[in-house]
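**Student:** Chains A and B, in that order, are what the protein sequence lines are.
Using the working numbering, read the first sequence as starting at 18 and increasing by one per residue.
Using the working numbering, read the second sequence as starting at 10 and increasing by one per residue.
Calculated from the structure, these hints are not laboratory results.
A virtual CB, placed ideally from N, CA and C, is assigned to each residue, including glycine.
Please note that a few of the clues may not be correct.
Claimed, not checked - Facing chain A, from chain B, some residues (calculated, C-beta under 7 Å):
id, residue
1, TYR42
2, GLY51
3, LEU52
4, TYR57
5, ASP65
6, SER104
7, VAL107
8, THR109
9, GLU111
10, LEU112
11, PHE114
12, GLU116
What the hints assert, rightly or not - Simulated DEER-style distance windows between Cβ atoms:
id, chain 1, residue 1, chain 2, residue 2, range
13, A, GLU73, B, GLN26, 46 to 56 Å
14, A, SER69, B, ALA106, 15 to 25 Å
15, B, GLN89, A, THR27, 28 to 38 Å
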Amino acid sequence: GENVEQHPSTLSVQEGDSAVIKCTYSDSASNYFPWYKQELGKRPQLIIDIRSNVGEKKDQRIAVTLNKTAKHFSLHITETQPEDSAVYFCAASMWSNYQLIWGAGTKLIIKP
Amino acid sequence: NAGVMQNPRHLVRRRGQEARLRCSPMKGHSHVYWYRQLPEEGLKFMVYLQKENIIDESGMPKERFSAEFPKEGPSILRIQQVVRGDSAAYFCASSQAVDTGELFFGEGSRLTVL
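Isolated chain A (complex conformation) (with noise of 0.2 Å):
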């Protein structure tokens, strides 16, 4: 079945600096994959989500990459702000959102 590696566990950036975080999907047959943003004891939210048939998606700070050939798809923050100190999760899917395979999180702090 299909497993999602996240790295890092843990991210600390200046404030202002860009944050990256990768994810790696073993299932080629994969073809959603999106990105959701949990505040500390608030619930997960989408913040972007990217599909199979486009290799790069942007929404102002926020962009996200897709390779299939290599399976990875990496999360790309510019200019951090103190409001993007999260848990970031990548997860993946064929076609149903209750196949979707989450990762174990990335915990971003952005140092002030």
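Put chain B on the given structure of chain A with help from the hints.
**Tutor:** Relative to the frame of chain A, chain B by itself:
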């Protein structure tokens, strides 16, 4: 639109008691998913339900755990004879369709077993 509503937000139970967690999906959503999250860990899928049907319960322990989503009313995750290892945050999510797309999560129910 009130979003996904979960209650209670916090629940304390003694070992051996029952815990009932409720989830009202977003208006218009008929697909409900339950996840468990241990401290400092990721989301573990438990069960996927549509109205009156359990579609996939492959992530739910076969003993002591059950889920339902009746025709009327919220979805309920029931844990019987709780043990300390059941202490976790339980998140419910809903979606309009089962195809891949945004999952809308509730604020979670935090169960503590003494």
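**Student:** All hints are to be evaluated individually against the structure, with a verdict given for each.
**Tutor:** Do the hints match the structure? See the list:
With 7 Å as the threshold, the beta carbon of TYR42 of chain B comes within range of chain A, its nearest partner Cβ sitting at about 6 Å, so the hint holds. Taken as an interface hint, GLY51 of chain B checks out: its beta carbon lies about 5 Å from the nearest beta carbon of chain A, inside 7 Å. The interface hint given for LEU52 of chain B holds, since its Cβ lies 5 Å from the closest Cβ of chain A, which is under the 7 Å cut-off. For TYR57 of chain B, the shortest C-beta to C-beta distance to chain A is roughly 4 Å, which falls under 7 Å, so the interface hint holds.
The interface hint given for ASP65 of chain B holds, since its Cβ lies 5 Å from the closest Cβ of chain A, which is under the 7 Å cut-off. About 5 Å separates the beta-carbon of SER104 of chain B from the nearest beta-carbon of chain A, less than 7 Å, and the hint is met. Interface hint at VAL107 of chain B: satisfied, since its Cβ lies 5 Å from the closest Cβ of chain A, which is below the 7 Å cut-off. At its closest, the beta carbon of THR109 of chain B sits 4 Å from a beta carbon of chain A; the interface hint therefore holds under the 7 Å criterion.
Look at GLU111 of chain B: its Cβ gets to within about 5 Å of chain A, closer than 7 Å, so that hint holds up. Because the closest C-beta pair between LEU112 of chain B and chain A is about 6 Å apart, less than 7 Å, the hint holds. Checking PHE114 of chain B against chain A: minimum C-beta separation of about 4 Å stays under 7 Å; hint holds. Interface restraint check for GLU116 of chain B: the shortest CB-CB distance to chain A comes to about 5 Å, inside 7 Å, so the restraint holds.
In this structure the supplied range 46 to 56 Å holds for GLU73 of chain A paired with GLN26 of chain B, their Cβ-Cβ distance being about 50 Å. Restraint check, SER69 of chain A to ALA106 of chain B: a C-beta distance of roughly 19 Å satisfies the suggested window 15 to 25 Å. Between GLN89 of chain B and THR27 of chain A the beta carbons are some 37 Å apart, a value that agrees with the proposed interval 28 to 38 Å.
When each numbered hint is compared with the structure, no violation occurs for any of them.
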